[in-house]
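Quick note, the sequences are listed as chains V and E, same order.
Once you know that position 446 of the first sequence is 446 in this note's numbering, the rest is easy, because the numbers rise by one and skip nothing.
Just add 1000 to wherever you are in the second sequence, counting from 1, and you've got this note's numbering.
To be clear, the hints were calculated from the coordinates, so they are not data collected in a lab.
Nothing here was measured: the structure is a model prediction, and the numbers come from that model.
Errors might be hidden in some of the hints.
Stated by the list, open to error - For the chain V half of the interface with chain E, some residues (derived, Cβ under 7 Å), not all of them:
id	residue
1	Phe98
2	Leu313
3	Gly322
4	Val325
5	Ala328
6	Arg345
7	Arg346
8	Tyr415
9	Lys480
10	Ser515
11	Thr554
12	Asn578
13	Ser579
14	Val584
15	Asn591
Stated by the list, open to error - Using C-beta positions, here's what the derived DEER-type ranges look like:
id	chain 1	residue 1	chain 2	residue 2	range
16	V	Gly333	E	Glu1279	23 to 33 Å
17	E	Met1505	V	Ala328	37 to 47 Å
18	E	Ala1243	V	Glu79	16 to 26 Å
19	V	Arg553	E	Arg1553	19 to 29 Å
20	E	Ile1222	V	Gly327	15 to 25 Å
21	V	Gly545	E	Ala1590	57 to 67 Å
22	E	Thr1065	V	Ala589	40 to 50 Å
23	E	Lys1480	V	Arg553	42 to 52 Å
24	E	Ile1222	V	Glu329	16 to 26 Å
25	V	Asn330	E	Gln1502	27 to 37 Å
Ideal placement from N, C-alpha and C gives every residue a C-beta, glycine not left out.
There are 2 protein chains.
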Amino acid sequence: MPSYTAPVKDLQFVLHDLLKVSQSDIPGYSDLEAEFTSAVLEEAGKLTSEVLAPLNAVGDTEGCTLENGVVRTPTGFKEAFDQVREGGWTGLDMPEEFGGQGMPYVMGTAVGEMFSASNQAFTMYQGLTHGAASAILAHGTDDQKATYLPKMVSCEWTGTMNLTEPHCGTDLGMMRTKAVPNGDGSYQVTGQKIFISAGEHEMSDNIIHLVLAKIQGGPEGIKGVSLFIVPKFMVNEDGTPGARNGVTCGKIEEKMGIHGNSTCVMNYDGATGFLLGEEHKGMRAMFTMMNEARIGVGMQGVAQAAVAYENALFYAKDRLQGRAVTGAENPDGPADPLIVHPDIRRSLMDQKSFVEGARAFMLWGSHLIDSSHRKGDEAAEGLVSLMTPVIKGFLTDEGYDMTVQAQQVYGGHGYIEEWGMSQFTRDARIAMIYEGANGVQALDLVGRKLASDGGKHVMAFFDLVKNFIKENEGNETLKKDFLDPLKAASKDLQAAGMFFMQNGMKDPNAALSGSNDFMHLFGHVCLGLMWAQMAKAAHEAFEAGASDEEFYRTKITTGRYYMAHRLPATGLHLARINSGADTVMALDAANF
Amino acid sequence: MPSYTAPVKDLQFVLHDLLKVSQSDIPGYSDLEAEFTSAVLEEAGKLTSEVLAPLNAVGDTEGCTLENGVVRTPTGFKEAFDQVREGGWTGLDMPEEFGGQGMPYVMGTAVGEMFSASNQAFTMYQGLTHGAASAILAHGTDDQKATYLPKMVSCEWTGTMNLTEPHCGTDLGMMRTKAVPNGDGSYQVTGQKIFISAGEHEMSDNIIHLVLAKIQGGPEGIKGVSLFIVPKFMVNEDGTPGARNGVTCGKIEEKMGIHGNSTCVMNYDGATGFLLGEEHKGMRAMFTMMNEARIGVGMQGVAQAAVAYENALFYAKDRLQGRAVTGAENPDGPADPLIVHPDIRRSLMDQKSFVEGARAFMLWGSHLIDSSHRKGDEAAEGLVSLMTPVIKGFLTDEGYDMTVQAQQVYGGHGYIEEWGMSQFTRDARIAMIYEGANGVQALDLVGRKLASDGGKHVMAFFDLVKNFIKENEGNETLKKDFLDPLKAASKDLQAAGMFFMQNGMKDPNAALSGSNDFMHLFGHVCLGLMWAQMAKAAHEAFEAGASDEEFYRTKITTGRYYMAHRLPATGLHLARINSGADTVMALDAANF
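Using the sequences and the accompanying hints, generate a full structural model.
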């Protein structure tokens, strides 16, 4: 069975050597001294390794079951959820006034990686609650906040997000769920929602469903969609759960993975709902949380890749098979460990350099979110908004590929469920789909974000890369291995942007045909930038006499691998983009 | 639930327009007139669509169960197996003298694609039997052939291959299974074998296990391995199954996919075995069938991609979601079909151009096998031997990626088992692992095949590409879209080969670090060659006045897509190869 050890040292490196969080003027960041963050991460590491990771396979094997409307979660989930609640982990980055710990989002992401890596299906119960609570925090009335938030921050009550219907997922304008005013300010919500994660279960005293629905008589399409709070149990005057509301779980889906999470068909039969935010502004309310939610999913891609890599590495050191081509390295044993073989190393380096670069990228994004929310930094807001589809789409696509590579290291055993590597692959698969399928992320990037505010944000990104290269071009240790490849990759990105500018208006299909490639091209440049910055930080650390020189040297070597072996992908993506829409759109649908 | 329609027209195109099989002087090929192959393929298409495909999900859901030593296969498998037997499909390319139909291997591959696409887990029962029968055909005594082959060709008896043990898969020299001579020419075989596909079941009257074991007192390591026939039931004088032999199924593995096939732990407790071939030459006996077996697995990669693509295409035309960016294409409906969206098309074109190019590649490889076996063509033998790891490794890696892309077209529904797309992904995953994990294929290609016979075969491949380009460079319709990109890609392949020649001896790690990239680079050039040749064939067909002009024009457009969008991957693989072993091998294992 796989194990999990939280990457505390690597997270500390990103927080302190790279992002230098405690030196930032973002409100709340001055608390993030290395000792403090280390204590938080160590504690989270213990909980996730010892409590959540052992339940990961249990959740996969048992799944959730629905009987007489009651959903049973896997053995041990409820007890573990109590432990998570008691430790205060569910409100880590929620406001103190509602019982949270008020830490920055960057800490939420760092701890979130551990939770997701150790047990993604389990972690989704609190993740969805966090999302629903954030929506109430952003759009709720004082009364709504007082009623729901303290219970949701502590996860005594959990939450869900209800968007998809059987006939519409991405295209929510077609939704049929209706809300009819009761005349007392509340509504009767009726319709069917599908793919509702954590939709029904017995781990919390109440479930607060956030439901998108159309108010009867409102505008057609997406402009007539409003957001409603629909509690499983109506809330009594004294704040306790009361009568059962008209919402039931009709079915639990059998999925490829995340079996420990109950993915429900939810039926609303005249359920009482309360408007959250303004009438017909439901999509806008959803969108305010979009960046965080999507970065959270990108984080899941990194997390599954990280835990899969950790186990692949263990196996590569442990399993004896064949001999090194340059001569036996374990001459007294029957064979050498797998890790002596170059192609196994190539795979491990692909995984390692992705995981560590991606971890820096998602934490940088989270740091920008903090800068935007806590400091009102509009440049940060623009930049993270631009990069959000990249963090979500690129990191989950690549994260999935890395779980497949990790599984491959196990040979035949990678295909046997008992060994646990298949679960990482199956669990990681969902992150490419939910919270906006990755094709939708690519469309968002090229169709909206790239040109928003006259292309200001993408120019800011290019400046950032350019300035970093310029500031460090005298640094001989960085130049050849890091700055030159970064410059070349960034040129590819600019050329792609130029292609879209020149062709996007006259042939929008040409731009959109290359959207997936652009997302990946952008992602590689971001990871290249992260690695260049991390290499610089590592150099500075060991020049300043850091005790663990090997750790920093390893960072630099890993970065060099990324720059040499992964970053050249930008050229391929550019070639695909430049070939345009011609052959993509040429066939009539009937001729496929 | 997914459906399956056999690609008869596309297979006919490859057999007749591209390979022109009936004009070949390979013995047996003159029978392969278009009408004849069409009749065979239509019939196989009917059987696979109507009988095997509907059982695919059944097999996935029910799996196999072991109770008191008896393995139960999924509902309907036994009846379907009877139908397959009665149709004579199990012996399609086996010799007529043993009850087969004596068709060339190329027909076995064409029909095999349909069987695998419609139900891979089911098809493995006959596939393993075919492999075991081929070994007996190649190495058995006349007596052994007479005893086993008629029953195995008809699949009244099935077969298995027993190589892997718990502590060794790739490195078979470490195996512990022992064979002790009984003094009467037979042996007592004792040991445990794992991952034995179709190891135990009740669909046949006997199971003929081929087992690798070490004869006591023989040479150490891989040189002391011999191959044995170990029947489940001893065979009576009259050829009927008799007493039960000492071999039992200890466990059925829970796997990521191919649930309908019983993957068994097989325990041999002094089971009676009969030497197949020579003492201590067991590996050599296995290797004679290796090319066919590996091409067969490459075919599975193509097959899963093909059926997944077929269903993704259906969904993309059927599912209404969003509007075309250039204006509504289904203005009377609530939305446009998915296929109007450029990124969906990009994905479908990736899939389509891979599937059709890969199909041509595997059939070309099979045609070379026929030329080698039936005509004694040594050049063909050398070429197919060189390309076998590419067919196995590249086509299963890419085939898997295509099933993931096909699944993605379904959005959230792709993750729900009921829709069937997850099964294609899970079933396709095994082909990257078994019959030599793809890293082993890459090692075989770079470490053995590339330099074998002084590099003669790879030079022959380059000549083939060069000559094709030269012969057609006056063809303006081919030049820009096909010949130029093929020339560039082939240059990348030569440069990579040059890198290995220059570095392979002095730094073998440098060559092997790039082995996986070389396999993929080679694969892309092969598919580029296939598409250039298919484009030429399509041009010739419609210039000759072929009735279905759209079909041929579509082939050319699909080929143009491959050349423009997929083939540029060669540059990335070359860059990775050229960056060498430096960063791949730099870290001490302890520093990972």
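Practice prompt. Check each numbered hint against the structure and report the violated ones by number, ascending.
Written response: 1, 5, 9, 12, 17, 18, 19 and 21
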